[in-house]
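A.B. asks: One-letter residues, chain by chain:
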Amino acid sequence: MSAMADLAPPVRAQAMPLVVAAGLGIACIAGFVLLVLLRPLVPGGGAALDEILLWQSLLPRAAIALFSGAALGLAGALLQRVLRNPIADASTLGIASGAELALTLGLSFSPLLTVLSRELLAFTGGLATVATVLALSWRRGLDPVTVAISGMIVSMIAASLSVALVLARGEYALSIHIWGAGVLNQGDWSGVASLAPRLVAGIIAAFLLLRPLNVLTLDDSSARSLGVTLHAARFAILILAVWLSASVTAMVGIIGFLGLAAPTIARLCGARTTGRIMIAAPLTGAAVLFLADCLTQLLGPGFTDLAPTGAFTALLGGPLLLIMLPRLHGFSAVTASSDTMLRPLRKPAAALATLAILLIAIFAAALAFGPTPDGWHFATGPLFSELLPFRLPRIVAAGCAGALLGVAGLIMQRVTGNPMASPEVLGVSTGAGAGLTVALFVFGFPSSVVMLTSMALGALVAFLVMLTVTARSGLSAERLLLAGIAIGALSMAIIGMALAQGDMRSYILLTWISGSTNRAGAFEAWMAIASFALLTAPLFLTTRWLSILPLGTSLSRSVGLRIMPSRLLLAVLAALMTAISSFLVGPLSLVGLVAPHLARLIGLQTPRQQIAASILIGASVLMLADWLSRVVIFPYQIPAGLLASLIGGPYLLWLLGRKAKRM
Amino acid sequence: MPQFTRRNLLSCTTAAFLAAPAVLRAETSGKRVATLDWALLETLLAIGADVVAATELRQFRQIAVTPEVPEHVTDLGLRGSPNFEVLRFARPDLIFNSNFYAWADPLMSRIAPVESHAIYSPGESPYSLAERATLAIGERLQLSTARKMVEDLAAKLDRLRPLFARGDGRPVLPINLGDARHFRVFGSDSMFGEVLKRVGLDNAWTGATSYSAAAPVGIETLASMPDAWIIFIPPHPEDAFRSLTLSTFWNALPAVREKRVLRIGSINPYGALPSASRFADFLAEGFSDVRNG
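One line per chain: the protein sequences are A and B, in this order. Following the numbering used here from start to finish, the first sequence increments by one per residue and tops out at 727. Following the numbering used here from start to finish, the second sequence increments by one per residue and tops out at 275.
If you're looking for bench data, these hints aren't it; they were derived computationally from the structure. Fair warning: there could be bad hints in the mix.
[To be verified] Derived pair list, reagent style SDA-like, types lysine to any residue, alpha-carbon separation capped at 25 Å:
(1) B:Lys241 <-> A:Leu447
(2) B:Lys241 <-> A:Leu105
(3) B:Lys241 <-> A:Leu113
(4) B:Lys241 <-> A:Ala112
(5) B:Lys130 <-> B:Pro88
(6) B:Lys13 <-> B:Gly105
(7) B:Lys13 <-> A:Pro453
(8) B:Lys241 <-> A:Leu118
(9) B:Lys241 <-> A:Glu115
(10) B:Lys179 <-> B:Leu111
(11) B:Lys13 <-> A:Trp253
(12) B:Lys13 <-> A:Leu113
(13) B:Lys241 <-> A:Trp253
(14) B:Lys13 <-> A:Thr436
(15) B:Lys13 <-> A:Asp438
(16) B:Lys13 <-> A:Pro446
(17) B:Lys241 <-> A:Asp438
(18) B:Lys13 <-> B:Glu97
Extracted from the complex, chain A is given alone in its bound form (with noise of 0.2 Å):
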């Protein structure tokens, strides 16, 4: 990885930006080439098929790619100046993904396809997860590192609704499984002729924009006193990249992190100044998915693509994110979050009771009320005990799950000293999930213990490589959240990959991915209390780091705190309480977010109070989510992670309005 991460200093500008321009060309060339004399023949079908195979198939989708390609490299550079984060683009804002949703949705309830066009849908889901994405982090002033994690969250569970969608189609999700990957296969002109207006309209009028884009660079005052209407300016810019992606997502669906590595690349081509970044982006992206695309049918047998074109470009993100670490400082300086300025309580036992005593209530009331298929009950008796096999397991398995990704949350919000951060983002759910992917490959159907062993190794992986990767930089708090989206971004797309497989693993994926509950056993049930009492205890012996880190590295130092250890042991702790939440309940429930900041809200400040609060406050969400995933749609269920992702997305909201108000 240090080899890659060199490639950036200017030092070797001077030879590199001819090399890497040329290269390019000449690969794509080469590829196209190849494709053109490598193409599979038709077997009898003579000439005539032959031809329109070549004009009618093979040109448009070379068409396609190029000016896919084009549209998404043109978005990211606008995407990454508008907002001056050299990370933006349409997979780490949650662009690709809402456009993903609001198709779904279209496609689940048909009506709506047949009123909007399919690229309106796209653009309307686009822009509604860009606009939550920045609302999340406008009180950061659009901090690069508060945007990604913001954006990395709303694509998630943009992500795990449609997952949600798809399971509850049955049958019908192939085409929602080969869409979401992003494939380039094309049967006549059509895509091409209504892409390419798109593209020269979205070129002109970034060109337009060009003027007001060069004065972005500057900061705002400046901008101002130059009289140009600063946000009308941005928001325009901000629309048309919008719309750019989202038109390119809902022709040929989701085409991971092409934004990002286009204006990367164009830089590396030596492309310096805002107008040349304009022309060089485009250009390389263009010519980094055509290669992709070459690449991937030059490798599958005969007709077949080796994997989704869009799949395999998502295999850039994580790996370019990592290269571009270095170069990127968050704006405001990650500190101790302004939520501690709230005065502590006076009578926190009290405060910590009256949790405990909520906790169980709702274990109570989980286990005994609920519909049956005659009418609500209050299970007593015999008919208590009948249900208590099926809903004790799943009930302390949820509260487990909870109370662990609490912790996990707190300890990450502590260790890094920045209030946005939660398991979720440390990449290791999605960590474990790539380790399961690999195990569904390997044993076909695995057993719990070989599912729960290589989530477990999964997520240790891809935390061992985030610690390799930041160690350099001493595990700042946030190198570590941003390599924790690298990874994040990287298991996604070897997880999308097997997704677009469309077999009986996908199918286990993608149930594990929605986060249900259901399944759980005795097993998981004891795996749950054993973990949370094995991964828990040892943390009451390390608060005095807990109180000492989010104060940051120099003064940690200064107070005599070995950073390097303590933060080593406290990752790890954390990383193996967040693959064993995941195995419960899914990748995503954002009850690690919420659980720390509710602790933090009713006024328990000390750790140790923190922690006895986030467990309880995790186990109660999730206990919560688990009952209502059972009653909402009864016999039908929703997945309880997915539900308590639903119930934490929002406080999200409320949290932010609560600052700007008191700003």
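Fit chain B to the supplied structure of chain A, relying on the hints for placement.
C.D. replies: For chain B alone, coordinates are given in the frame of chain A:
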């Protein structure tokens, strides 16, 4: 020489098919059974077992269509997340499960004894496995209809063999459209592939499909099988078929120009013998329609 006509086919194939339900209704075993797996569900329904609960019935009625699911069968929810409490309330005496849902065995065995039958398993013929499972289930429930269904279907496929042999001898490509540019194909290791083999038709798809028999492939692959009959097996997304048939590439395909495209009714792609039988019937009916214009 008997002609390949609709009348001929009707007498040959549907006689047994029509007669069967009457026989099936006659006996019902006392055991209340439930299942999570659609292949086992259609088997149980077809042999006349007393099914009290099964998964995703709304979808099943749309996709598998037959056998008909009686109104009183309880819906357990999604196959991936069945509602065990509801299963408990349905009070089955016996639960049938498959390898797809093996994770549920420990939980369900608290409700009733669980018996597992795999129909789709790597490297094994789903038809043979389905036969074996049907016979085993019939024996367990003491329903002689199971053996009869196995024998009737084998006889039907044998009867169809000479009829198809008089066709044009072209291979057949059973596909399910994913979107306008992708389809999944049912290779020799799928249930549909097995049926083709047993009625003496060649499967145009010779490449490997994974044991799930549903690898999605790009539409241009159709060009590599210019001789084949293309058989569309629904369900398709609404707009997919329309935009496919508008594309230049599609209309240039030899199969399309020579009208060698069949659209048949919806079938459960992961089915058992009833799905196989339904597919054979559709094939016979479709080809006889084509022959007779």
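A.B. asks: Please name the hints from earlier in the document that this structure breaks, with their numbers sorted from lowest to highest.
C.D. replies: Of the numbered hints, 1, 5, 6, 11, 12, 17 do not hold.
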